[in-house]
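Novice: Sequence:
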Amino acid sequence: MSDYAIVSIVLVVGGVAYLSIFLWVTASRVREIGPPKAPPDEGRH
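For what it's worth, my numbering labels the leading residue of the sequence shown as 1317, then goes sequentially.
Just so you know, these hints were derived from the structure itself, not from any lab.
Source: prediction; values computed, not measured.
Beta carbons are placed, not taken as given, at the ideal position from N, Cα and C, and that holds for glycine.
Keep in mind that a hint or two might mislead.
[As the list claims (entries may be wrong)] DEER-style ranges, computed between Cβ atoms:
| # | residue 1 | residue 2 | range |
| --- | --- | --- | --- |
| 1 | 1319 | 1348 | 35 to 45 Å |
| 2 | 1347 | 1317 | 35 to 45 Å |
| 3 | 1318 | 1348 | 39 to 49 Å |
| 4 | 1322 | 1343 | 24 to 34 Å |
| 5 | 1320 | 1348 | 41 to 51 Å |
| 6 | 1318 | 1346 | 35 to 45 Å |
Make a model of the complete structure from these sequences and hints.
Specialist: Rendered as structure tokens:
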């Protein structure tokens, strides 16, 4: 394979991994916090 092909594969795989991790972290944070724009502590725990 040429260098260009290797670089392209690395970029695509890295981008997919980054996006999936970012979305997973965001989704788990939203589930923990609740609705966005909610004050962090209202005494409801």
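Novice: Find the hints from earlier in the document that the structure breaks and name them by number, from lowest to highest.
Specialist: Violated hints: none at all, because every hint is consistent with the structure.
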